[in-house]
Each structure stands twice: as C-alpha cells, then as structure tokens.
Amino acid sequence: MFLKRLAIANLLGAATALLVASNAMAAGETLTISGFGGNLQKDLRATLWQPAADAAGVTLSEETQDGLASVRVQVQSGSPTWDIVHLGADECAVGGKEGLFEPLDYNVIKTAGFDKKAYGDHWIATNTYSVVLAWRTDVYKDKHPTSWKDFWDVKAFPGRRALSTYPQEMMEIALLGAGVSKDKLYPLDTKLSLEKLKEIKPDISVWWSSGAQSAQLLKDKEVDMMAIWGSRVASVIKDGAPVEFTYDNGILGYGCLAILKGSAHAAAAQKFIAGVVSPEVQARIPEMMPYYGPTNSLAFKVGKFSPEVLAKSNMSPENVAKQTFIDANWWRDNNELVREDYSLLISN
Amino acid sequence: MTAADIDQQPLNAGLLAGDERRQRAAMFGLSLPAMLLVALVLLVPFSWLAWLSLFDASGALSSENYARLLRPAYVNSFLSTLQVSAAVTAICILLGYPVAYLLSQLPQRVAQVLLVFIILPFWTSVLVRTYAWLVLLQREGVINTWLKQLGLISESLPLVNNLTGTIIGMVHVMLPFLILPLYASMRAIDPVYLRAAANCGASPAQSFRQVFLPLSARGLGAGAALTFVLCLGFYLTPALLGGGRVAMWSTQIADAVSKFANWGAASALSVALLVVTGIILWAMKLAVRRLGSSLGEG
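Protein chains in written order, with our numbering: chain A, 1 to 348; chain B, 349 to 646.
Treat the hints with caution; some may be incorrect.
[Stated by the list, open to error] Residues of chain B placed beyond 12 angstroms of chain A at every Cβ, according to the derived structure:
no. : residue
1   : A434
2   : A438
3   : R457
4   : G569
5   : W630
[Unchecked claim] Chain B side only, calculated, beta carbon under 10 angstroms to chain A, not exhaustive:
no. : residue
6   : A421
7   : N424
8   : P455
9   : A459
[Said to hold, decoys possible] Restricting the straight-line Cα-Cα distance to at most 20 angstroms, the calculated cross-link-like pairs of lysine to aspartate or glutamate (EDC-like) are:
no. : chain 1 : residue 1 : chain 2 : residue 2
10  : A       : K219      : B       : D404
11  : B       : K496      : A       : D138
12  : A       : K301      : A       : E280
13  : A       : K141      : A       : D248
14  : A       : K219      : B       : E503
15  : A       : K116      : A       : D327
16  : A       : K304      : A       : E318
17  : A       : K141      : B       : D404
18  : A       : K97       : B       : D404
19  : B       : K496      : A       : D327
20  : A       : K116      : A       : D183
21  : A       : K141      : B       : E488
22  : A       : K221      : B       : E503
23  : A       : K149      : A       : E199
24  : A       : K238      : A       : D220
25  : A       : K219      : A       : D203
26  : A       : K155      : B       : E503
27  : A       : K117      : A       : D138
28  : A       : K117      : A       : D183
29  : A       : K182      : A       : D327
30  : A       : K261      : A       : D150
31  : A       : K110      : A       : D54
32  : A       : K198      : A       : D138
33  : A       : K149      : A       : E98
34  : A       : K191      : A       : E340
35  : A       : K191      : A       : E29
36  : A       : K221      : B       : E488
37  : A       : K184      : A       : D327
38  : A       : K198      : A       : D183
39  : A       : K42       : A       : E287
It is worth saying that the hints were derived from the structure and are not from the lab. Bear in mind the structure is a predicted one, so any value in this text is a computation, not a measurement. Note that beta-carbon positions come from the ideal geometry of N, C-alpha and C, so glycine has one too.
Put together the whole structure using the sequences plus the hints.
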C-alpha cells in the first residue's frame, strides 16, 4: 500500500515535472534577431529588445545582418535561422514588397501613437534616427549655418563640406536647400534635387560612406560642415571636438523590425515586436539612447523626462516639429534609378 | 632508305607513342588534385556567378543585368577604373624600374637586405597602410601641417578624399608587385651582354637602352600586367581614400551586393570585370612579346 502510494506520488511528481518543463520550453523559446551590429545593436538590445523579450518570456540570440541581401539568402533557404531582422525602413518596405516577411498581426501589435508612415503590412518602425546639419564652431565663430539653405550658400559660409554617398536623405536635404517646404517634399522632385547637388558638388570635399567615417571627418576637421547622423555627431561632441548641430531642417528616418518568412517562432516574434513598440518600452529610448527617438509618440505621455533629455531626443515634441519624416515607400519604389543618377553625379 | 628501315619505323613509332601516352597519363594523374582544387574553388563558383547573371531580380531569364552595364553610371565607373589602373601602373613603372635596376646592379647580399624594405610593407595589412595615408594626407594631417609650418603653403592642399589620395595609396600598395618580378628578371640578365656591348664601344646609356632595356622588357611587362590587373579589382584603398568620388568597378559590385541586394547585377558586373581582365592580359602579353622582339632587333 505504502509502496503503491509512493509510486503514484512519483508518477504525479514526474507528470508535474514534465508539465513544468514543457511550459518552460514554451516560455523559453529562443528568438534570433539580426541587426546592424556594433554599439547600435548593443544599445537597442539593452533599451528595447531585452525588456520586450523578458515580457514575452523568450530568450534572445543575436546575429548581424549585412543588408537585405543577407535576409534574402535566409528566406530563400526555406528555413531561416533568423526570426526577426532590424533594418532601415526603406529596406523593410522593399523586403515586404518582395515577400521576404511574415505579415504583422496588428491585433497583437498596437499602433496607437504611431505615424502612418511608420509601419506597413510587414514591418513596423521601432526607433528613429536623424540626419542633421553639423558644423565646426572653431571655423564658424560668429555666424554659423542654421539650415540647408546656408549649406548651399558658399559665399556666406565658405568652407569644406561633406554629404553621404548614399542618396537617401541627401536628396531630401538638397530640396530643402532649394527652398522646397518640408511638407511638400514627397514625391521628391529628383530633377531639381540633382541639379542642386550638382551646384554644391565643387564644394563637397568628401562623400562619406560610413557612420564612423562621417564622425572622423568632423572630428579631424577634414570638413567644416556636413550632413551627419545625430547619434554620430553626439559622440564627436562628447569627445570634446568644437562641433555643434541643429535639429532644424533635420531628416527623420526609421529603424524597423520585420519577421522573416518561414520563421519557426513567428507567434513569439509577434509578441516580442508588440513589446518593443509598446509605449512603456519605447519610453526608455530618450534616456538610454539620446539622439535616437521612440516611434511611438505615447512614449512621451508614459515617461517623465527632464528638459535636458528632451532637448537631446530627436523625437521630443519640440524637436520633431523642426524635422521631416522620410517616406520609406517612396524610396522603395524609386531607389534604384535615383541611386544610379546620384552615384554618376558624385563620381563624374 | 633500306627495307629494314621502313619495316622498323611503325614499330618504333608505336613504342614511342606508347611511352608518351604513359608519361602524359602520369603527368595528368599528378596534376589532378591541383586541377580538382582549381575547379572546385574557381570554376564552380564562377560558373554559378555567370549563371546567376542571366536572371533578373524576379528569377526570370533576361539580359537585363548586362543591358544595365551600358547605362551611364556603370560606363563611367568602368572608364574611371581603367584610368585609375593605368595611372597607377604608369607611376609604379616610373618609380619601380629605377629601384629594381639599382637592386639588380648591387651585390646580391646588399640587394637582399634592401629587398626586405620592399617586402616589409607587403606584409603589413593594406587596411593599416591605407589608414596611415589618411593620417598623413588629410587637411590637418602630418604633411599639410609641416608644409604650413615651413611656410610653403597657406591653405591645406587637397591630398586625400580625391583621385590624388587614391593614386598615392594604390601606388604604395602596388609597388612590390611591380618591383619583385622586374627585379627577378633583371637578375637573370647575364652581365656578360653588357660587357660585350661596352667592348663594342657602346656608351653606358647606349648599352642600357639597346641591351638591358630590351632584355628586361618581359619582366617589366609581367610586373606591369600584374599591377594593372590587381588595380582593376581594387576595392579597399579607393573606398577609403577616394572620398566617395572615385567610382571603381569593385565599388559597384560591393554596392550591388551589400546595399542593393541585387545578385544578378553584381554577378554581371563580376563577369564583365573578369572578361575585360582576360582580354587586357592577353593584349598585354601580345604587346610585350612584340615590344621585346622589336627592341631586341633594334
């Protein structure tokens, strides 16, 4: 009798243990997320990804992507080893059009507080970055440039300039320099934009191709003013270089998440993304990733921020009013032709 | 010719031919592993690349990828690649020939010590050397600072982030590729020929021009061809020192893959680069042969 009871107890115990184990396994699903690597990925994980993973009860494993090409290879393999990818919004839009991603479940993911340009059927923006005008204060002591119009005014503001080799944001900047108002940017007048770029070309001493390079150019005084990512110029200023920048006339771009087609953990990934874009998690960005911003405007309702933090955040209501959002869908449809004209322009 | 001779000939020929076949089979067997390796790491990926270039982004058979090469952006980058490569090769010849000549005239031991200085940078990462040039050449860099302190210039010279910087950096990387084969071929020239020329009353300049130069033409051609071809596919240095305005063919390939995820375009670009490289190598070989023989006769 005693023995029998023990046996039953054991059996029950084993069953309970099994149940617990299977629960733990469901909760302990591992999502593989692939991003740009480097400091950006470290910051994104600490700020957005980890809390969202904890809330969804999943473990995160990280990889580094090398553009949409690498995503395409993953999906074509039939059983991608990545579940989620972090990309630029235009890449997300292109990937969505190509059928590389699972559709997002907007019953799980809440878009209250989102701009309409900040999500699509297959992707959602999770952070913003800004491209801003920065200048050396030791060169422009009394009077510094304040807008892209000044950037184009080589008489009033002589000096070496730099723009990116990548046409995105630069085409927008050229139009702002030509006096196009920021709410009338899209669809981009590519002809006018390229004309303006041709006009400034003799005064562009460097066309930069990476974020690290752009920061170095300003820090080493290789150029006197330039278009640069807000996060990059921030690190230059932090290093003590005599440099300032303005959010006036800045271009706001998005980083986005999407779920790879064929992912074995798509349901968990939807939950994870819902967490990343929730106001509570988004509200961590202004303090933990200054010069980047939340894509969910409710973040500023949920969080309480000091004026200093707000001044730095590119998405604080005051700073966001000064800037323009990029239209990822326009770039999705026009990227290839624009990029050829652009590369011909800078190298010819 | 006797009857016996005639009888023996087919027998002998048969034996000889058998020998030759066996020898050929042995040679083939020996080189088989190497050939398999070449096929595996070169032919297979290349065929796959060429295959890819025949399809457009949607996966349909098309000539789109090759038609694209005729668009101005690509033609421009192709021409500038040829120009940069030609300029770098020419400068390497001007700088490298005297160095190789000097080395070849020195006693072997001294020359070997000096060769270390040529090979040493060869062992240093191209990336490190390229960044070093950036430090030297930039606006607030070492060279401009010195020139300003000496009062030779008042405004910094634009030495980098343009064609000038690219060519300086590439010449530095490429010089050993020219000097080493050239030096080897110059070492192989028997000094007896030069002494003979002197005996015949030739001045040093004459004997150099009429004897040494033609004899070294092959080595120069090999070095120049190697340099030129390596330049055609050069990526790193132009990307870092060109300031974005030196559009090399290799940059286009890298962009097609990493920025625009267009494998078809990238493979067509690569195939075109390979074909052009092959044509140039072949043309150079012909030219060097002709040059060598015409100089030799003259």
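Okay, the hints, checked on the actual structure:
Here A434/B stays apart from chain A, with its beta-carbon at least about 17 angstroms from theirs, past the 12 angstroms limit. Every CB of chain A is more than 12 angstroms from the CB of A438/B (nearest about 21 angstroms), matching its label as outside the interface. Residue placement check: R457/B keeps its beta carbon more than 12 angstroms from all beta carbons of chain A (closest about 44 angstroms). The beta carbon of G569/B is kept farther than 12 angstroms from every beta carbon of chain A, the shortest such distance being approximately 31 angstroms.
Distance to chain A confirms W630/B as a non-interface residue, since its nearest Cβ pair spans about 29 angstroms, more than 12 angstroms. Restraint check, A421/B versus chain A: the minimum CB separation of about 4 angstroms is within 10 angstroms; hint holds. Nearest Cβ of chain A to the Cβ of N424/B: about 5 angstroms, under the 10 angstroms cut. The hint holds. Residue-level restraint check for P455/B is violated (minimum Cβ-Cβ distance to chain A is 46 angstroms; threshold 10 angstroms).
With its C-beta approaching chain A no nearer than about 40 angstroms, A459/B sits outside the 10 angstroms limit, and its interface hint is violated. Simply put, K219/A and D404/B have alpha-carbon atoms about 43 angstroms apart, too far for the 20 angstroms limit, and the pair is violated. Taking the CA atoms of K496/B and D138/A, the gap is near 19 angstroms; set against the 20 angstroms cutoff, the hint holds. Using a Cα cut-off of 20 angstroms, the hinted pair K301/A and E280/A holds, with the two alpha carbons roughly 10 angstroms apart.
A C-alpha spacing of about 19 angstroms is found between K141/A and D248/A, which places the hinted pair at or below 20 angstroms, so the restraint holds. Under the criterion of a C-alpha separation no larger than 20 angstroms, the hint pairing K219/A with E503/B is consistent with the structure, at around 19 angstroms. For the suggested pair K116/A and D327/A, the alpha carbons sit about 10 angstroms apart, so the restraint of at most 20 angstroms is met. Of the pairs offered as hints, the one joining K304/A and E318/A holds, with about 15 angstroms between alpha carbons and a cut-off of 20 angstroms not exceeded.
For the hint pairing K141/A with D404/B, the CA-to-CA distance comes to about 53 angstroms; that exceeds 20 angstroms, so the pair is violated. For a cut-off of 20 angstroms, the pair hint linking K97/A to D404/B stands: about 16 angstroms separates their Cα positions. Between K496/B and D327/A the alpha-carbon distance is near 47 angstroms, which puts this suggested pair outside the 20 angstroms criterion. Restraint check: the Cα-Cα separation between K116/A and D183/A comes to about 15 angstroms, which is no more than 20 angstroms; the hinted pair holds.
For the proposed pair K141/A and E488/B, the alpha carbon gap of about 19 angstroms is at most 20 angstroms, so the pair holds. Among the hinted pairs, K221/A with E503/B is consistent with the structure: their alpha-carbon atoms are about 14 angstroms apart, no more than 20 angstroms. At roughly 13 angstroms between alpha-carbon atoms, K149/A and E199/A fall within 20 angstroms of each other, so this suggested pair holds. With a C-alpha separation of about 14 angstroms, the suggested pair K238/A and D220/A falls inside the 20 angstroms cut-off, and the hint holds.
A distance of roughly 19 angstroms separates the Cα atoms of K219/A and D203/A; the hinted pair therefore holds under the 20 angstroms criterion. Proposed proximity of K155/A and E503/B is supported: the alpha carbons are some 18 angstroms apart, at most 20 angstroms. Simply put, K117/A and D138/A have alpha-carbon atoms about 39 angstroms apart, too far for the 20 angstroms limit, and the pair is violated. Between K117/A and D183/A the CA atoms are separated by roughly 14 angstroms; this keeps the pair inside 20 angstroms, and the hint holds.
For the given pair, K182/A sits about 12 angstroms from D327/A by alpha-carbon distance, which is consistent with the 20 angstroms threshold. At most 20 angstroms may separate the alpha-carbon atoms for a hinted pair to count; K261/A and D150/A exceed this at roughly 46 angstroms. Restraint check for K110/A and D54/A: the C-alpha separation of about 18 angstroms stays at or below 20 angstroms, so the hint holds. The straight-line distance between the Cα atoms of K198/A and D138/A is roughly 28 angstroms, outside the 20 angstroms bound, and the hint therefore fails.
Proposed proximity of K149/A and E98/A is contradicted: the alpha carbons are some 38 angstroms apart, above 20 angstroms. As the CA atoms of K191/A and E340/A are separated by approximately 13 angstroms, the hinted pair is consistent with the 20 angstroms bound. Between the alpha carbons of K191/A and E29/A the distance comes to roughly 50 angstroms, so the proposed pair goes past 20 angstroms and is violated. At roughly 7 angstroms between alpha-carbon atoms, K221/A and E488/B fall within 20 angstroms of each other, so this suggested pair holds.
A C-alpha spacing of about 12 angstroms is found between K184/A and D327/A, which places the hinted pair at or below 20 angstroms, so the restraint holds. Proximity of K198/A to D183/A is assessed by CA-CA distance (about 24 angstroms); at most 20 angstroms being required, the pair is judged violated. In summary, the hint linking K42/A to E287/A is supported, as the alpha carbons are separated by about 15 angstroms, within the 20 angstroms threshold.
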